[in-house]
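2 protein chains.
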Amino acid sequence: MPVSIEDVAKKADVSISTVSRVLNRRNIVNEKTRKRVEIAIDELGYRPNVFARGLMLRRSNILALVLPDLHGEFYSEIIRGANLRARELGYQLMISSVVASDDGSTVLSAVTDHSLVDGIAVMISEVDSQTRTDLAKVKTPLVILDSDVEGVKHDSVVIDQRQGAAAMFRHLIYNQGTKRIVFVGGLVTNFDTIERLAAFHSTMDEANIPISSNDIFHLDYNYQTAFELGSKQVREWARSRASVFAANDEMAAGIIDAAIELGISVPDQLAVVGFDDTRIAQMTRPRLTTVHVPMSSMGSSAVDLLCQRLDDPQRPPTKLTLQSELVVRESCGSDF
Amino acid sequence: MPVSIEDVAKKADVSISTVSRVLNRRNIVNEKTRKRVEIAIDELGYRPNVFARGLMLRRSNILALVLPDLHGEFYSEIIRGANLRARELGYQLMISSVVASDDGSTVLSAVTDHSLVDGIAVMISEVDSQTRTDLAKVKTPLVILDSDVEGVKHDSVVIDQRQGAAAMFRHLIYNQGTKRIVFVGGLVTNFDTIERLAAFHSTMDEANIPISSNDIFHLDYNYQTAFELGSKQVREWARSRASVFAANDEMAAGIIDAAIELGISVPDQLAVVGFDDTRIAQMTRPRLTTVHVPMSSMGSSAVDLLCQRLDDPQRPPTKLTLQSELVVRESCGSDF
DNA sequence: TTATTTATTGAAAGCGCTGTCAAATGTCGA
DNA sequence: TCGACATTTGACAGCGCTTTCAATAAATAA
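The listed protein sequences correspond, in order, to chains H and F. Last residue of the first sequence: 337 in the working numbering, with the numbers rising by one and none dropped. Last residue of the second sequence: 337 in the working numbering, with the numbers rising by one and none dropped.
FYI, nobody ran anything at the bench for these hints, they're computed from the structure. Some hints here could point you the wrong way.
Only pairs whose alpha carbons sit at most 27 Å apart, straight line, appear in this in silico DSSO-like list of lysine-lysine [as the list claims (entries may be wrong)]:
1. F:K138 <-> H:K36
2. H:K11 <-> F:K140
3. H:K320 <-> H:K154
Build out the structure end to end from the sequences listed, making use of the hints.
Spelled out as C-alpha cells, the structure:
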C-alpha cells in the first residue's frame, strides 16, 4: 500500500536511480527531470522507507537517551535539552529509562538492543564494575553522563560538582559561620553523592572542622524520606545550630517542611540548603540556597558530543566538564 | 564488520533460514540444530539488524510521543507513564516536541516523517482547523492526547476537566462562599482553557453569579506572567474578596507570590487555586488547592490504545476519558 | 514393498533503497 | 565530420532479513 520509490519513478517516467538521486541531492539531476520527479513525489505523498535506507546507509538518525529514572525535573530538563539539540541537528531522540528491577546488564542490553540507534547517551547513577566492563564493550558511539568514567574509553559530560559543593560548604562555613554541617546524600554508591562527599570532607578539613559520622546520612533523593529523617533529627540539629546540606532540592524541601511542622524556623533556627536548582528551589518558602546544575546543557552537550563522534569516529574521547554554581537564596540565612 | 545472520549460519553449519527460524521461534527447529545455532549466536554476539527486519516485517516496535513542549512536570510525567508502559509492552519510545517556531504543518510532518514508527501519540494544545485536517490524513495509528477530537477518526485519551473544574468552582462558591471568581487561563485557542472556561460559565450560571469579562485573563501558563498579572491585580482582587482560579499550578504559584510580596495573605485575604496537581502544588506555601490530573496515566493509556490498535487495526476509534479530581489544600482557605 | 504423510532443512525471491557502472546523449575543438 | 569528453540516465547488484516453496529424510499406512 505505501508508495515506494518505484511508484514515483513510474509516475515521473524515470528510473528509480534518478528518483534516489533527487532525494539525496547528490549528483546533479537535470533541472527538468528533477522538477518532474519532485512533482511526482509531492502528488504521491512519497516518503522514503527508513528501513530500506537504513539498511544501505547503516544510519537511522536516531539517538538514544538512557536515564536512571524519568522522575523529577532533573531528568526532564536533560531530555528537553537533548531533544532540542537533536532536532537542530536533524536527529530523533529515543528515550529509555532503567527501571527499578533492572540490574547492570539489563542496562547494557537496553542500550545495545537498539542496534538501530546511531549513538547513545547514558546516565547511570550507580556504576558498579560489572556495568563498567559492560559499557566498555559497547561499540556504538556512546557518551556517558555524569558518572565515574575513569578508564572508560567513551566520551563523557560531567558536572564539576566538587567545585559547586565546595562553594556551598565554604559559604556555609565562612559566610554563615556554621560550625557543624549535616550531610544528607543519596546511596553510598551514587556517583553524585561520592563526589559531593569528597568535597564535604576536603572543605571541612580545610576549615579544620571535624566531621562526625553521625552527621552523614544516605537516603534516596526523595522528599518523603527526607521529611521523615527531618522529623526525627531537626530539633537536635537546630539546637546545635547546625546547617543541613541536602544533595538535591527535593530532600532539602522535605527537611524544611519537617522543620516547619515542628515549629522550627528556617533559616533562623536551622539553615537548609539543596542542590540542582530545580523549579522547586524557587517554589519553597523560604526559597532554597542551592547549587545550580546546568541540566538542559547536559542533554544538549551529550547530543553534541555524540554527533561530533558520528562525524569523526577517530577523534579521541572527550570529557566535557560543565560548571555548577552556588545560588544563594533565603534558606541558609542572610549572607554577609 | 557487524556479524550478520550469514555468519551465524556458517558457524552453526546451517542455512540462514534455519537461523531465522530459531530467532523467531516459529516452525519448530530440531532440538539439536537449535542448540547449535543458539551457541553460535551467543559466541558471535549476534544481534539481528533492525533495518533488515523492519524492511520485511514493516514493524519497528517504536512508538512516537509528540508533545507541545517538554517543559515542566506535566509533560515529564506523561513521558514517564508512556515510557514505562511501552517498555512493558516491548516497545521503544521516541520523543519529539513541537518547538515554538513550528506551525501546524510542522507538527504533522514531525509526526509523519517518522515513517519508521509503528504508532504515534500526539498532544497538541492549540488545534486549528488546518492541523485538524492534516491529522485526519495520517495513516499511521495515532492517538490524540487531551485535545478537541470531535470529528477526528483516531483514538484519543482526554481528561474530563469540565467535571474537575466544575468541582473546583463549586467548592469555591458553595463551601468557601466566594461571590467572585477570577479566571486566569491560557490562550483562548487552548483546548484546556476552552474546557475549563466552559465549566466556569456553566457553574457560575448555575450559582447565579454574573461573570465580568474583566475577570477573565488569558496568559501563557507560566509563573512569570502570572506573577506580573498578580502584581497589578492582586490588591483589587483581595479588596473584593475574590477567589482566583489559575489554569495550572505554575500560574497559581506566581499569583500567590505576587500577593505575598504585596503583603496580602493567602488564603486569608485572597484564595488562589491551581490545576494539575503537580509537585509544585505541594511545595508552595500555602499548599495549593488544585485539581488532580492523572498525568502519567495519560501517557500509559496512550501507549495502551496505540498497542491495541496495532493488534487490531479494525477496531472502532476509542475515546478514553480519564477523571480529574478536586484536591483541597490550604490555598483556598479552610473548607466547611 | 510401495505410496503417503510428517518433520526438518535449504534455495531463492523479494522488502525499498543506494551506489556502481556503463550506456546514451550532447558539446566542442580540430 | 569525427573523436574526446562531460552530462545525464538506467540496469542491476547488493544491504540483512523473512518467508514461501521445494527437497530430502524419516516414519507410517496400504
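Structure-based check of all given hints:
no., hint, in the structure
1, F:K138 <-> H:K36, "holds, 25 Å"
2, H:K11 <-> F:K140, "holds, 23 Å"
3, H:K320 <-> H:K154, "holds, 10 Å"
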